[in-house]
Amino acid sequence: MSSGATRRIILGITGGIAAYKAADLTRQLLDCDLGVQVVMTEAACRFITPVTFQALSGRPVFTDLWSPAVDNGMAHIELSRGADLLLVAPASADFLAKLAQGVADDLLSTLCLARDCPLLVAPAMNRQMWENPATQRNVTLLRQDGVGILGPDSGSQACGENGMGRMMEPAALSDAVAGWFEPKVLVGRHVVITAGPTFERIDAVRGITNLSSGRMGYAVARAARNAGAKVTLIAGPTALPDPGQVVVHHVTSAEQMLTAVEGMLPGCDIFIAVAAVADYTPLAPQAAKIKKDARILAIELAPTADILANVASRANPPFCVGFAAESEKLDEYAEAKRRRKHLPLLAANLAHEAIGAQRSRLVLFDDAGRHDLGIADKDNHARTLIHHLARLYNAAGATPAGSQ
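Residue numbering for the sequence shown follows numbering that gives the first Met the number 0, starting at 0 and increasing by one per position.
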């Protein structure tokens, strides 16, 4: 357990080839400053040893219902007391059936039945096992009982087949668990976010773009999701994996991004424009590759639509949040942009400090003034931004778009 951990997780591991991923999951949960206590089934021990998890977690691993390691011999009761969450990953088809029917024939299943904390499960099995009506009935029962189901994903499986049933990747699971503990300040809200650069085509192989990685926009999407919102992410070309439990629309150009945003506005409560949209696009892109020769090439450019201004200037706009990356005079230019576009909130940083950096300074501007968030990583900045905008949004007394 991390010495500074404030949350305690019980990680249950059942039998299946995905058990090897639980080692990476343990490490990632610890990296999230979560204390981890591992409990394994007998079948899980056939795939990976308890010694591995003891070394990773720094705590003894429990496998036996009759373990003498707990003073009163009641590990199935004592282990869950004081725990904030019980996560079973991987959760086999057999274990899901046990949970659904209330079977308690080993330590982990008994612990789940006697727990005093929320339960999340990450299914992992062959696609046909996942699609079997019996498994689907069990999953439905578990959801009705308040058990959270994380995944599964679709992909290649150890049996050589391809389809639904693959356990979510450890990074996605740890992200979901960390989000579980976030205050749900945006429940019932639909948040639309743009992220990444756009690519404006010059010819068949060339285009105008910028150095935006999309990391900030993706971090904001995860933070909004963790705050309980329904999130739609409209992303330009990036190399980032789609955030889990977020609807993602991939676009290329500024025009495509504008069209996608406009399609999401009905029912949108909050619009956060993080994307670094190109200011100009070639007026006459060529269908074929332009051949290089000794002449100077002149490309006529036309301004692209201002997506944020387009949304904010509507008759009944959603709560709009802008981003600004400046090269100088940060406060002056950022506040001028906020006022020009009539935004309740704008986040700004210096481009040369933020582009390509894991940590940078972020400053928020609103009607109350300037709020310097200091230097932090993008996930922390995104979390602070979401909670700041939630306070402003809720103070305005806005109602969910779907209820209007």
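Hints were generated in silico from the structure; no laboratory data involved. Any given hint might turn out to be false.
Ranges between beta-carbon positions, derived for each pair [as the list claims (entries may be wrong)]:
#1 T51 x L140: 30 to 38 Å
#2 P117 x A287: 34 to 42 Å
#3 L300 x P236: 15 to 23 Å
#4 G81 x S155: 16 to 24 Å
#5 S155 x A367: 47 to 55 Å
#6 D152 x P59: 28 to 36 Å
#7 Y279 x A367: 33 to 41 Å
#8 D30 x P132: 35 to 43 Å
#9 Y279 x E327: 14 to 22 Å
Ideal Cβ placement from N, Cα and C applies to all residues, glycine included.
Comparing the hints with the structure gives:
Here the CB-CB span from T51 to L140 is close to 32 Å, well matched to the stated 30 to 38 Å. For P117 paired with A287, a C-beta distance near 58 Å fails the hint of 34 to 42 Å. About 19 Å separates the C-beta atoms of L300 and P236, a value consistent with the hinted range of 15 to 23 Å. The beta-carbon spacing between G81 and S155, approximately 39 Å, falls outside the hinted interval of 16 to 24 Å.
In this structure, S155 and A367 meet the distance hint of 47 to 55 Å, their C-beta atoms being roughly 52 Å apart. Between D152 and P59 the C-beta distance comes to about 31 Å, which sits within the given range of 28 to 36 Å. Taking 33 to 41 Å as the suggested C-beta distance range, the pair Y279 and A367 conforms, at roughly 35 Å. Checked against the given bound of 35 to 43 Å, the beta carbons of D30 and P132, roughly 39 Å apart, stay inside it.
Taking the beta carbon of each, Y279 and E327 are about 21 Å apart, inside 14 to 22 Å as hinted.
When each numbered hint is compared with the structure, violations occur for hints 2, 4.
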